[in-house]
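Undergrad: Under UniProt numbering, the first residue of the sequence shown is numbered 1, with each subsequent residue one higher.
In case anyone wonders, no lab produced these hints; they're calculated from the structure. Accuracy of the hints is not assured; some may be wrong.
[What the hints assert, rightly or not] Calculated lysine-lysine pairs in the DSSO-like style (CA-CA distance at most 30 angstroms, straight line):
(1) LYS360 / LYS278
(2) LYS625 / LYS541
(3) LYS146 / LYS402
(4) LYS210 / LYS239
(5) LYS343 / LYS208
(6) LYS664 / LYS535
(7) LYS557 / LYS515
(8) LYS13 / LYS215
(9) LYS532 / LYS402
(10) LYS239 / LYS162
(11) LYS239 / LYS343
(12) LYS585 / LYS532
(13) LYS239 / LYS146
(14) LYS535 / LYS583
(15) LYS215 / LYS343
(16) LYS662 / LYS558
(17) LYS625 / LYS557
(18) LYS93 / LYS377
(19) LYS641 / LYS558
(20) LYS239 / LYS215
(21) LYS303 / LYS399
(22) LYS215 / LYS151
(23) LYS557 / LYS402
Quick caveat: nothing in here was measured; it's all calculated off a predicted structure.
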Amino acid sequence: MSQWSQVQQLEIKFLEQVDQFYDDNFPMEIRHLLAQWIESQDWEAAANNEAMAMILLQNLIIQVDEQLDRVSQEKNLLLIHNLKRVRKLLQGKYHGNPMHIAVIISNCLREERRILAAASMPVQGPLEKSLQNSVVSERQRNVEHKVSAIKNSAQMTDQDVKYLEDLQEEFDFRYKTIQSLEQNDKNSTLIKQEMLALQAMLNTLDYKRKEVLSKIGRVIHEIDMLMSNMLTEELLDWKRRQQIACIGGPLHGGLDQLQNCFTLLAESLFQVRRQLEKLDELLTRLTYDGDPIPVQRPQLLEKVNFLLYNLFRNSFVVERQPCMPTHPQRPMVLKTLIQFTVKLRLLIKLPELNYQIRVKATIDNNRRFVLCGTHVKAMNMDESANGSLSVEFRHLQPKEMKTSAGSKGNEGPHMVTEELHSISFETQVCLYGLTINLETSSLPVVMISNVSQLPNAWASIIWYNLSTNDPQNLSFFNNPPAATLSQLLEVLSWQFSSYVGRGLNSEQLNMLAEKLTGQQVSYNDYQLSWAKFCKEHLPGKSFTFWVWLEAILDLIKKHILPLWIDGYVMGFVSKEKERILLKDKTPGTFLLRFSESNLGGITFTWVDQLELGDVTFHSVEPYNKGRLSALPFADILRDYKVIMADNVPENPLKYLYPDIPKDKAFGKHYSCQPNEVSKPSDGGGKGYVPSVFIPVSKILNDSTEPHSPSDLLPMSPSVYAVLREHLSPTAIETAVSCKLSHS
1 MSQWSQVQQL EIKFLEQVDQ FYDDNFPMEI RHLLAQWIES QDWEAAANNE
51 AMAMILLQNL IIQVDEQLDR VSQEKNLLLI HNLKRVRKLL QGKYHGNPMH
101 IAVIISNCLR EERRILAAAS MPVQGPLEKS LQNSVVSERQ RNVEHKVSAI
151 KNSAQMTDQD VKYLEDLQEE FDFRYKTIQS LEQNDKNSTL IKQEMLALQA
201 MLNTLDYKRK EVLSKIGRVI HEIDMLMSNM LTEELLDWKR RQQIACIGGP
251 LHGGLDQLQN CFTLLAESLF QVRRQLEKLD ELLTRLTYDG DPIPVQRPQL
301 LEKVNFLLYN LFRNSFVVER QPCMPTHPQR PMVLKTLIQF TVKLRLLIKL
351 PELNYQIRVK ATIDNNRRFV LCGTHVKAMN MDESANGSLS VEFRHLQPKE
401 MKTSAGSKGN EGPHMVTEEL HSISFETQVC LYGLTINLET SSLPVVMISN
451 VSQLPNAWAS IIWYNLSTND PQNLSFFNNP PAATLSQLLE VLSWQFSSYV
501 GRGLNSEQLN MLAEKLTGQQ VSYNDYQLSW AKFCKEHLPG KSFTFWVWLE
551 AILDLIKKHI LPLWIDGYVM GFVSKEKERI LLKDKTPGTF LLRFSESNLG
601 GITFTWVDQL ELGDVTFHSV EPYNKGRLSA LPFADILRDY KVIMADNVPE
651 NPLKYLYPDI PKDKAFGKHY SCQPNEVSKP SDGGGKGYVP SVFIPVSKIL
701 NDSTEPHSPS DLLPMSPSVY AVLREHLSPT AIETAVSCKL SHS
């Protein structure tokens, strides 16, 4: 079943979440019509490879054209109209930046997988629940409402200033008229009446000046309150959501809404600034005793400039954290001399700033690393599909500097993977007489010099972003805090949903919890240390919990991904639990689990029945990536044979737990149907006799010590048939056997 088919079967509350991230950037019609094709492409790789992204974009347009031809024949007018619109969008919006559509589609697919994983969980995890808090959503709506109200107030004040300007022009005219009349007769009744009228007009002017200044003051106060409270909280929440998304959590939407708020506030502040400049202009033409403008205007202007400085400083954000194109799902882990990408955005989108802001990238100033490549670029509105004012660095490389002694710094695995660094960015905005210096930094990154350090480095990134919302605590691992087990398990499930397409259910998480703690504990109260997670070896093992789990992720990704996505790999189940599950099942029922003693190994255990009615369990020696590279795991399950005492070889695997016929579960994943067994030809044909790998095990009834040669023997079907016809099982045993544990 395709991922999109699974999405369509979700409950309405999950479908509403899906609806939120499909918009005009990537319409849902295309996702629906091209579901299988879209899921078969590597959008993650294309998101960091422009040539590949361009090819995928062109192929996507071709797919849309084919759909257009089909619906044109069906005369579906509405769909024809929508597909033409989408085609125009794809060609116009993404032709200059094909990687952007790859990022969008990759994120949509990832978010679908996360939602599917969340739907399979009995309860929503604590981290995700906090990110979807109704109070937060209500605050977002309040911020947008208040920003809109502030913008309207500023525009209304514009009208008041214009009225004040008109009133003052009328006053100037009447004042000059009286001056000309006074030259003839200063004591006339007309002059006295005009003077009284002029005084009344001056009183009105004074009142209107005070009123305008009061309204400007209220607008400034509203902006100040909004920036100090709700907008700051919104920005911090977005940064926290970004942290969580970086370690596999829900996508962090909302930046476009923040940009809209920041831009409207900046426009309002500049509008107020112009109003104050207009008042200064009116002041030069007319002032009087008790005039409020010279008293209040300087204070208001100072406050406006202060708010603009703060607004600009907060608007400079890292939109996409540093990430190596070779490892798109491991952001903030950077390898020396390997390029990484990072994207910044100014949330104040003003046309006057396009190509006017040059951003410089540097690494933290401990002088151990430097950045090579293009590290100064101009922000612009052309590279982003949504027209945001942004800049993307695509060719930066960290380089480790030699020490004074001529050798590089300490590259031990723990020293490197627990040492945090920061990529910093600085620029300067010059606008309307203001000069504002801006600075921001990435979330802490981990530098590695060898790809073997990647697992531990990623563990550091997970632990940091799970445990703190401080964006710049580079000394975090001097004394790393403990993490709540419930939150850690949620993040571990995200590793599976984001990296291999299917998260973990409550039973699988229970097994991981017991492995981490050595006991059954309450998720909510238990605090787990960093050492327990990543530094201390598991009891009786030569590796840590995280190294064991990372090896399983790698195994799934490279060798059993379709089986995992289909949900046929139970995986995380202890030996004790698997026997409880299998003991009452039909003989031949089996399940798949990950090895607890071998890194990156998977095994299967089946239940069998003895002559007296007792049950026994058999577990084959775990298959690792070396063996699975030679033969697909689904084919192993199909062709696996066991020699029992003097019996001929047979496949003991009948039903996948709980009762799914094996071929029904795995049939579509077989690389090919088993070849018909035939006799070897006598003559010299053109080709060779075809050969296949057949996994065979020998179960010894009189010994608990199994043999241990390889369990995969190259053998043609015809030769195997001849062996069965002409050799005894004992003879076959000398050629074929495998280590197999039983109880």
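Undergrad: Taking 30 angstroms as the top limit, are the C-alpha atoms of LYS641 and LYS558 close enough?
TA: holds (25 angstroms)
Undergrad: Hinted pair, alpha-carbon criterion (30 angstroms max): LYS13, LYS215. Please report holds or violated.
TA: violated (45 angstroms)
Undergrad: Would you mind confirming whether the straight-line C-alpha gap from LYS215 to LYS343 stays at or under 30 angstroms?
TA: violated (39 angstroms)
Undergrad: Can the restraint linking LYS146 and LYS402 be considered satisfied, given a maximum Cα separation of 30 angstroms?
TA: Distance ~54 angstroms between LYS146 and LYS402 Cα, so the pair is violated.
Undergrad: Does the structure keep LYS239 and LYS343 at a Cα separation of 30 angstroms or less?
TA: holds (14 angstroms)
Undergrad: Given the hint that LYS239 pairs with LYS162, test it: the Cα-Cα distance must not exceed 30 angstroms.
TA: violated (41 angstroms)
Undergrad: Quick one, are LYS557 and LYS402 close enough, alpha carbons at most 30 angstroms?
TA: Violated - the C-alpha atoms of LYS402 and LYS557 are around 37 angstroms apart, more than 30 angstroms.
Undergrad: Between LYS625 and LYS557, is the straight-line Cα distance small enough, at 30 angstroms or below?
TA: holds (11 angstroms)
Undergrad: CA of LYS532 to CA of LYS402, is that 30 angstroms or under?
TA: Roughly 34 angstroms separates the two Cα atoms, so the pair is violated.
Undergrad: Within a Cα-Cα threshold of 30 angstroms, do LYS625 and LYS541 meet the stated pairing?
TA: Given pair LYS625, LYS541 holds - Cα atoms ~20 angstroms apart, limit 30 angstroms.
Undergrad: Take the C-alpha atoms of LYS343 and LYS208, compute the straight-line distance between them, and say whether it is at most 30 angstroms.
TA: violated (48 angstroms)
Undergrad: Taking only the CA atoms, is the gap from LYS662 to LYS558 under or equal to 30 angstroms?
TA: Measuring from Cα to Cα gives roughly 22 angstroms; hence the hint holds.
Of the hints listed earlier, those the structure fails to meet are numbers 1, 3, 4, 5, 6, 8, 9, 10, 12, 14, 15, 20, 21, 23, in rising order.
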